[in-house]
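So the protein lines, in turn, are chains A, B and C. In terms of this note's numbering, the first sequence opens at residue 1 and continues consecutively. In terms of this note's numbering, the second sequence opens at residue 1001 and continues consecutively. In terms of this note's numbering, the third sequence opens at residue 2001 and continues consecutively.
Hints were generated in silico from the structure; no laboratory data involved. Some hints here could point you the wrong way.
[Stated by the list, open to error] Distance ranges between label pairs, derived from CB positions:
hint: 1; chain 1: C; residue 1: G2317; chain 2: B; residue 2: V1124; range: 21 to 31 Å
hint: 2; chain 1: C; residue 1: L2343; chain 2: A; residue 2: T279; range: 38 to 48 Å
hint: 3; chain 1: B; residue 1: T1099; chain 2: C; residue 2: A2305; range: 54 to 64 Å
hint: 4; chain 1: B; residue 1: V1124; chain 2: A; residue 2: P79; range: 46 to 56 Å
[To be verified] Using 35 Å as the maximum straight-line C-alpha spacing, the simulated DSBU-like pairs for lysine-lysine come out as follows:
hint: 5; chain 1: C; residue 1: K2199; chain 2: A; residue 2: K292
hint: 6; chain 1: C; residue 1: K2194; chain 2: C; residue 2: K2176
hint: 7; chain 1: C; residue 1: K2486; chain 2: C; residue 2: K2194
hint: 8; chain 1: C; residue 1: K2345; chain 2: A; residue 2: K292
hint: 9; chain 1: C; residue 1: K2194; chain 2: A; residue 2: K292
hint: 10; chain 1: B; residue 1: K1266; chain 2: A; residue 2: K183
hint: 11; chain 1: C; residue 1: K2176; chain 2: C; residue 2: K2199
hint: 12; chain 1: C; residue 1: K2199; chain 2: C; residue 2: K2486
hint: 13; chain 1: B; residue 1: K1266; chain 2: B; residue 2: K1295
hint: 14; chain 1: C; residue 1: K2345; chain 2: C; residue 2: K2272
hint: 15; chain 1: A; residue 1: K212; chain 2: A; residue 2: K155
hint: 16; chain 1: A; residue 1: K212; chain 2: A; residue 2: K85
hint: 17; chain 1: C; residue 1: K2176; chain 2: A; residue 2: K292
hint: 18; chain 1: A; residue 1: K183; chain 2: A; residue 2: K155
hint: 19; chain 1: B; residue 1: K1095; chain 2: B; residue 2: K1209
[Stated by the list, open to error] Covered stretches of chain C (in silico footprint by chain B; criterion: 3 or more residues with CB under 8 Å from a CB of chain B, positions within the stretch not fixed):
hint: 20; segment: 2111-2122
hint: 21; segment: 2125-2136
hint: 22; segment: 2443-2449
Note that CB positions come from ideal geometry on N, CA and C, so glycine has one too.
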Amino acid sequence: MRWMIVVFLMALVILSVQPARADDPPGAKLFATYCAACHGAAGKGGAAPAIGSDAYLTANDNAAIAQATGDGVVAKGMPAWSKSKGGALTDDQIADIVAYLRALAQTTAPGPAVAPTPAQPARSSANAEYAQTRMTMTQSPNADGEMVLVATLEKFDGSPVSGMVVAFSRATTFGTVDLGTAKTDSRGNATLVMREQPERARYITATFKGAKTLGSSAAMLALEKPAVAISAGDLNTAGVRLSIDEEPLLAPEGSLITPNPPLLPTLLFGLVVLGVWSTYGYVVSQVVGIWKSGRDHQRENVLAPKARSA
Amino acid sequence: MSTRFSRRQFLKLGALIAGGMATLGAARSRTFDELARAVGDTAARLPLFRANAQTTGELIGADGEPMTHAPAAPAATNQRRYVMVIDLAKCDGCKECTTACSAMHFVPPGQEWIKVFENRDNKVAGAYWFPRPCMQCDNTPCAKVCPVGATFKREDGIVLIDQERCIGCRYCIAACPYASRYFNWAEPPHTSEELAQKYSVELNYPHRKGVVEKCIFCPALAREGKIPACASACRMNAIYFGDQVEDVVTNHAGETVSFTQLIREKGGFRYMEDLGTEPRVWYLPPRDRVYPAPKG
Amino acid sequence: MFRQSSREDVLFQPLQSNSVRFYAFIAILLAVIAWAAYAYFVQLRDGLVVTGLRDYVFWGIYMTNFVFFIGISHAGTLISAILRVTGAEWRRPITRMAEAITVFALLIGGPMIIIDMGRPDRLLNLLQSGRLQSPILWDLISITTYIAGSLMYLYLPMIPDLAECRDRLTDAPAWKRFIYRTLSLGWRGNAEQKHRLEKGVAIMAVLIIPVAVSVHTVVSWIFGMTLRPGWHSTIFGPYFVVGAIFSGIAAILLAMVIFRRVYRLEAYLTEKHFRYLGLLLLVMDIIYIYFTLSEYLTMAYGNDAADQRVMQLLFGGDFAPVFWAMILGGFVLPAFMLALPNLVKIPARQAAATPLLRPLAAMGALAVFAVMAFSPTGASADLQVVALWPLLRILSILVALAGLLWLALPVMRAHPIATIVVASILVNVAMWLKRYIIIVPTLYSPRVPIQGVPWEWAHYTPTWVEWSITAGAFATFILLYTLFSKMFPVISIWETSERDA
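So that you can see chain A by itself, here it is in the shape it has in the complex (with noise of 0.2 Å):
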């Protein structure tokens, strides 16, 4: 089951920017001779998945890599490599092989945890002691009406902490989009402009993972109405309205879904149509007419000859 619990590491990984160390690489022959089997020259991928892609290097962390090479996949076939797990490699020289990956693909590591990399300078804390972090967010928009989200971190001594990275995303239906990172500065804002304007309101979260002698912390915040509403009549140009249920529809019996015609048009339509018909209703009465004129004229002659006698 731990296996799992680097999945759960993973899954807190989100992207940020940082400056690869470009260290010599003394993972590179580790590298080869323990990994490379499996995992092809380079990580390029093999009977195992490429853990040299950037794909890979960017969803995980440092310290989720090196303890999937400590702890192994075992349900994929793959060994723990630690010795503490009855493993080749020690500590350091898995934190070795760690490193290579990320020099080797230029790529960027996350803000690490507990990896025995070359650490995040953790300027902030001058004191090797451990903290505890807390985050408030607000948000403000600016001239140009974008929303300004700035993230405050701070211990819980109240000072705030300077030089780390915060990322923020943003939860919606389908899934949760990254909208970027933001270090701290050197009042523990971590600022960042929200360049796309969701029209409706949603969560947005900030999280920074914590660092060697920092805690994590994570603030959440509702997005106040963005700068553009929806207007009704954008919702689509043919100007449909439909608002159903939340139980799947059956159109109404007999009744109109798609939207009335525009009223001008019709009344005009209306109106020749209407003044054919009349007209056809003028032209009907005089047949009906016809029709008097001749029973007048056939009472008239048979009337006649009555009139006569008498």
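Could you slot chains B and C onto chain A? The hints should help.
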């Protein structure tokens, strides 16, 4: 397991272990929930995860504490505008989208609600695969001409057909420039599974003779916050589906990205934009392809 | 007085007696209709799958028939309304026939749409939930208006004749006498009745013209309002209206010659009527050729890829034989047939040419035409004149046709009525083909490519069901028209005698 270790897959897994709650059915509030739970389970390493009064005011997670989470705001259908993005650089023409769609909707033989074309705009650029679902146009040429209002546009962007009203005049087929509409020329072959369902415009089955059918963006799935059958089946992860109001699209691999950003940055376009139909399906150009181009 | 009554006896003759040939004719028509009814039953039972229609070519000869019948319905409007309004006296013997064509063509054309529908059982949805934004509703409204108007316009001028029938045909069967008595509305021909009748006819004659124009305009808009290449055209409204009047005149000419022969109406329908109508046909033909030219030249000259595909299909592709046969044989040839005898004085030399020489030359020209028109293009490889071959071919076809015309000129001069009637037949066939050419090639070239479907789904070949129903439609039209002519005088008695008086 694929080499693309996407967060979403892991989140899903974590949630299954932690609470067994994140089945596909509970998808609407899934993502945030999972994130919170995943964080909670690793709380030994991450001592505090909390929101505060300035944000939502809700305590969403702390070491050892039971968690509550903010609802991911289930939206009424009329507050959504579904949108699809198809990355032509990724489509390798395997047609699994068509297969999955046909299986899911019991699509009658001869119809391909999402059809993969081998397009070739000119000789220089060469050929590329081009999946064509219904474009769910905002300026619907089809619904415009329907004499009985059997086909209509919903506020969430989906164009549906009421097969109980359609008179089978096929004028909508004439009006559709994308050839997305199909007609049931004969009584379609039925399966018991299909017939067991009660007809609904959101299912479009049980199918029947003499009416028009087409891709409907799987509204029943969208209602649950799930991506359509074609997108789920796309092993190249080329089909993204999402909500324009939420400004998000996601694909089978769970690459969840901002819709506007994706279109802007990758030069998204719409098929036959000049016809003014305002399609809701966007395409990303077939650039830097990850598959061999069609021979044609 | 005696002369006049003898004239009128001719008119009453068909109403009084039925020959064996008549019954045989009716039986044949009924058989065709029964067969068509069976075909329609099969279509209802199995669905439209029994037709040649599929998802690409989803409209076919049902729609062709629809447009064609609505087209010939314009016969009545032109002859009886336009000519009445303009006071053309020679129209009098023709009006009734023309008006009847209008009514019966509409009664056949309208239901063709229903036959084309996938769910005719839901026809009432058009009333229950009709959408005014749909051109089909415009059609529904304007065709209904047109049917109502033409029925009245057929009936009104018939009232005095019905009274005449009532008074004269006293030995007719009781049901016939009942119909005459009821429909003649007690017509006595007194001043008031005459006044009302003339007023009604005058109103209808004016009113029916815009209604008729609207009908065929709206029919064209069914196609014009879509985004399809070849359909999405601004001139479709007038193009269709002109085409409708064009085919309407040809239809009347056919009806005239048949009634003239069968009912012996030579005294009423003289050569003059044929000449005048022939000239009208010529005028409409020229206008129609002009419209056709502007339509296709505009499309062909531009670069729009979708338009180009349609043009390719017409000029050189699958539809080229039908297209060129229609243009040359249905539009251009009739124009010459109608114009030449009036224009060209036959040289004495040619008139005196031996009866032997002329048929021989004609057969030669015919042979050249046949070889050139129907030989496969593959022959060009043997001829080693690949570049010149198409030109040569077209030139020889034209020369052969011109030669035939020239040779036939004396014959045409000798038989003016026959010439005009042959031209009318050509025109009617061509106008049916023209509607087919409008509908089907466009469906062959959708904006998205046709891929991954069986050949039959992308091509259209009408099936026996469609041909049967088409035959049934024509049979029903002829049947209704024949029965009408046996029931009522096909020539307006009071109007023709009014002229004589």
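| said: Looking only at beta-carbon atoms, does the pair G2317 (chain C), V1124 (chain B) fall within the given range of 21 to 31 Å? | reply: Because 26 Å falls inside the window, the suggested range holds.
| Is the hinted pair K1095 (chain B) and K1209 (chain B) satisfied, with a Cα-Cα distance of at most 35 Å? | holds, 26 Å
| task | For the pair supplied as a hint, K212 (chain A) and K155 (chain A), confirm whether the alpha-carbon distance does not exceed 35 Å. | result | holds, 14 Å
| query | Taking 35 Å as the top limit, are the C-alpha atoms of K1266 (chain B) and K1295 (chain B) close enough? | reply | Holds, at roughly 25 Å.
| field | 35 Å Cα cutoff - pair K2345 (chain C), K292 (chain A) | value | violated, 59 Å
| query | Is it true that the CA of K2176 (chain C) sits at most 35 Å from the CA of K292 (chain A)? | reply | Cα-Cα ~22 Å, so holds.
| Are there at least three residues in the segment 2111-2122 of chain C whose beta carbon sits under 8 Å from a beta carbon of chain B? | Holds: 7 residues of the segment 2111-2122 of chain C have a Cβ under 8 Å from chain B.
| If you look at each residue in the segment 2443-2449 of chain C, do at least three have a Cβ nearer than 8 Å to any Cβ of chain B? | holds (count 4)
| query | Does K2486 (chain C) pair with K2194 (chain C) here, judged by a C-alpha cut-off of 35 Å? | reply | The hint holds at about 26 Å.
| message | Given the hinted pair K1266 (chain B) and K183 (chain A), is their Cα-Cα distance within 35 Å? | response | holds, 27 Å
| query | Holds or violated: K2176 (chain C) with K2199 (chain C), Cα cutoff 35 Å? | reply | holds, 28 Å
| task | Verify the coverage statement for the segment 2125-2136 of chain C against chain B, using a C-beta to C-beta distance below 8 Å and requiring 3 or more qualifying residues. | result | holds (count 10)
Of the numbered hints stated above, those contradicted by the structure are hints 3, 8, listed in ascending order.
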